[in-house]
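> Residue numbers (my numbering), protein chains in the order written: chain A, 14 to 316; chain B, 231 to 412.
Read the hints as simulated data drawn from the structure, not as lab findings. Using N, Cα and C, we set each Cβ at its ideal position, and we do this for glycine too. Mixed in with the good hints there might be a few duds.
Derived, one-sided and incomplete: chain A residues facing chain B with beta-carbon distance under 8 Å [unchecked claim]:
{"id": "1", "residue": "Ala76"}
{"id": "2", "residue": "Ala98"}
{"id": "3", "residue": "Gly225"}
{"id": "4", "residue": "Ile229"}
{"id": "5", "residue": "His232"}
{"id": "6", "residue": "His265"}
{"id": "7", "residue": "Leu266"}
{"id": "8", "residue": "His309"}
{"id": "9", "residue": "Thr310"}
{"id": "10", "residue": "Lys313"}
Calculated from the model, a selection of chain B residues having no Cβ within reach of chain A, i.e. all distances over 12 Å [stated by the list, open to error]:
{"id": "11", "residue": "Lys303"}
{"id": "12", "residue": "Glu308"}
{"id": "13", "residue": "Asp331"}
{"id": "14", "residue": "Ala334"}
{"id": "15", "residue": "Thr339"}
{"id": "16", "residue": "Arg345"}
{"id": "17", "residue": "Lys355"}
{"id": "18", "residue": "Ser371"}
{"id": "19", "residue": "Gly374"}
{"id": "20", "residue": "Ser379"}
{"id": "21", "residue": "Phe383"}
{"id": "22", "residue": "Lys386"}
{"id": "23", "residue": "Pro388"}
{"id": "24", "residue": "Leu391"}
{"id": "25", "residue": "Ile401"}
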Amino acid sequence: MKNKKIYQLLTIAFMVFSSSINAQDLLDKLNEEFPDKPVYEIATFKTTRIGLGHSIETRKKGALEISLYNRYWNIPNFEGQRFLADVVSTRYGLDYSFSDNFTFGLGYTNHDKITDGFVKYKLLKQRADSRKAYVSIALLQTFSHRKFETTDGGIYEPVTTSSNNYAFTSQVLVARKINSELSLQITPTFIHRKANPLNDDANNQFAVGFGGRHKIGGHASIVSEYFYVANPLESVETYNAFMVGVNWELSHLLLQFQVTNARNFVEDTFITQTTNNFNAKDGNFHFGFNATFVLHTKKKKIK
Amino acid sequence: MNKLFPLFFLLISFADFDVKQSQFIARQGQVSFFSYTSVENIEAKNNQVLSLLDIDKKEIAISMLMRAFVFKKDLMYEHFNESYIESDMYPKANFIGKIIDFDASNKETQTRIVRGKLTIHGITKEIEIKTAIENTKGNYSISGDFDISIKDFQIKVPPILSSNIAKTISIKFTFQYQPYEE
């Protein structure tokens with residue numbers, strides 16, 4: 014008798030259960046049907062440079078970045094009347110992405126007369142849906158070339174000798190998109206330079222870069238960067254490079270406005286050879302304006 | 231007899247499950263949208279849209295991941311997800327609605343109105359969409375197009391870029407359904 018009751022109860026329970034499955038919302042059912050595909054974070058930084066240095070971002074295959082980086086500053090007690098600022102330094106750059114993860118770039122800075130190039134490889138992409146890939150990692154190797162001309166000898170027999178100076182910078186860029194607004198990056202840096210016989214500066218220097226961005230709208234963000242040098246140059250007094258600025262994107266054009274104490278554009282120079290501190294004095298205050306145009310040479314086909 | 235009665239019920243409820251196919255699923259539904267302006271044409275397509283069709287209740291549900299849209303230019307993809315649709319906050323777009331006067335047994339193409347709720351960018355709007363429903367050998371396919379206003383879904387376009395993005399976006403969709411097995 015008791016058994017029978019349980020039997021009947023179970024049957025009713027089953028019927029209620031099965032009918033509740035039928036009545037389940039169609040949308041809930043659909044949401045369970047989504048395939049498990051990895052979701053990667055996009056736009057940890059929207060630009061391939063945070064401001065001074067590189068960010069973990071690489072452009073997708075076939076993207077050509079045409080960039081113009083400008084730095085303006087004044088010469089203390091300068092007598093002349095130049096337009097806008099006493100000195101303008103410009104880096105003309107071209108970056109091409111051979112694949113989604115690999116970029117090659119070249120640049121020339123007119124004020125420093127430095128030619129530079131880099132290769133950048135994106136090693137790891139941060140996952141949005143799991144904790145497996147907690148950060149994004151990119152590797153950067155740059156090289157720069159600077160030609161020095163020195164004149165020796167007497168007035169009657171001047172001998173101009175030129176020496177080539179090469180420097181190499183290796184960086185491991187590690188960044189995490191904390192939330193949709195905030196991204197942080199830490200950049201261990203190794204810089205190698207050919208020995209200079211005139212001073213006892215180290216050939217190898219170590220530095221760490223810290224960078225971050227905070228979105229202030231759909232198209233604009235505040236960015237900041239700081240580079241700490243572990244073994245600074247001894248022949249000249251140098252300061253750590255600092256930058257704070259605004260990145261703004263206008264469809265294919267990316268604009269960066271910044272205030273900084275760094276004068277140079279190439280990694281090995283601005284990280285280790287910034288000879289002034291960050292303040293508003295003439296000669297120390299640098300205004301930066303970077304414009305980057307992204308050209309898609311390969312367009313995806315929409316099938 | 232009293233003992234057999236629940237067993238009988240049980241059998242019927244099982245049989246009910248097996249025989250009657252009332253739900254159909256589309257796993258590779260296609261949704262594309264177009265923004266035509268004099269400055270720039272933007273086009274994107276999503277080939278992984280999910281949809282369920284319940285022919286008994288005459289209901290249809292659609293769900294898609296915004297990140298699955300493919301654009302011609304990669305920067306468009308980034309801006310779409312990051313700045314306009316904000317796909318990290320609102321990863322999906324949904325639709326749930328009823329097909330008015332739907333006749334599941336009709337073998338000819340029927341044009342019907344689907345009335346329901348469309349959710350994009352976290353905003354839900356009531357809409358009516360004209361669709362063409364085909365029934366080929368028991369498998370259904372639904373297609374159609376409609377326009378939405380980006381203002382309705384609070385998608386903000388900065389004034390400086392307002393000439394690049396159309397005020398109304400036209401959307402096209404096609405779904406091929408197969409019997410749904412749970």
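> Each of the hints needs a verdict: does it hold here or not?
How the hints compare with the structure:
1. At its closest, the beta carbon of A/Ala76 sits 6 Å from a beta carbon of chain B; the interface hint therefore holds under the 8 Å criterion.
2. For A/Ala98, the interface hint is violated, since its Cβ never comes within 8 Å of a Cβ in chain B; the closest pair sits about 26 Å apart.
3. This hint is violated: A/Gly225 has a C-beta 17 Å from the nearest C-beta of chain B, more than the 8 Å allowed.
4. For A/Ile229, the suggested interface contact is broken, since its CB lies about 12 Å from the closest CB of chain B, more than 8 Å.
5. Satisfaction of the interface hint for A/His232 is found here, the shortest Cβ-Cβ separation to chain B being roughly 6 Å, below the 8 Å cut-off.
6. The beta carbon of A/His265 comes within 6 Å of a beta carbon in chain B, closer than 8 Å, and the hint placing it at the interface holds.
7. For A/Leu266, the suggested interface contact is broken, since its CB lies about 10 Å from the closest CB of chain B, more than 8 Å.
8. Below 8 Å, beta-carbon pairs count as interface contacts, and A/His309 has one with chain B at about 4 Å; its hint therefore holds.
9. At its closest, the beta carbon of A/Thr310 sits 10 Å from a beta carbon of chain B; the interface hint therefore is violated under the 8 Å criterion.
10. Because the smallest distance between the Cβ of A/Lys313 and any Cβ of chain B comes to about 5 Å, under 8 Å, the interface hint for this residue holds.
11. Look at B/Lys303: its CB is around 4 Å from the nearest CB on chain A, not clear of 12 Å, so calling it non-interface is violated.
12. B/Glu308, annotated as away from the interface, has a beta carbon of chain A within 12 Å; the closest lies near 5 Å.
13. Taking the minimum C-beta to C-beta distance to chain A, about 19 Å, the non-interface status of B/Asp331 holds against the 12 Å cut.
14. No Cβ of chain A comes within 12 Å of the Cβ of B/Ala334; the nearest lies about 16 Å off, and the non-interface call holds.
15. Distance check on B/Thr339: its Cβ is at least 24 Å (rounded) from any Cβ of chain A, clearing the 12 Å threshold; non-interface status holds.
16. With a least beta-carbon separation of about 15 Å from chain A, B/Arg345 lies farther than 12 Å from that chain, consistent with its non-interface assignment.
17. Under the 12 Å C-beta cut-off, the non-interface status given to B/Lys355 relative to chain A holds; the minimum distance is some 16 Å.
18. With a minimum CB-CB distance of about 18 Å to chain A, B/Ser371 clears the 12 Å threshold, and the non-interface call stands.
19. No Cβ of chain A approaches the Cβ of B/Gly374 within 12 Å, the least distance being about 18 Å, so the stated non-interface status holds.
20. Distance to chain A confirms B/Ser379 as a non-interface residue, since its nearest Cβ pair spans about 18 Å, more than 12 Å.
21. Non-interface status of B/Phe383 relative to chain A is upheld: no Cβ of that chain comes within 12 Å, the nearest being about 14 Å off.
22. Not every beta carbon of chain A lies more than 12 Å from that of B/Lys386, the smallest distance being close to 6 Å; the non-interface claim is violated.
23. With a least CB separation of 6 Å from chain A, B/Pro388 falls inside the 12 Å interface cut-off, contrary to its annotation.
24. Not every beta carbon of chain A lies more than 12 Å from that of B/Leu391, the smallest distance being close to 6 Å; the non-interface claim is violated.
25. Every CB of chain A lies more than 12 Å from the CB of B/Ile401, the least distance being 14 Å, so the non-interface label holds.
Figure legend: structure checked against the earlier numbered hints; hints not met, in rising order: 2, 3, 4, 7, 9, 11, 12, 22, 23, 24.
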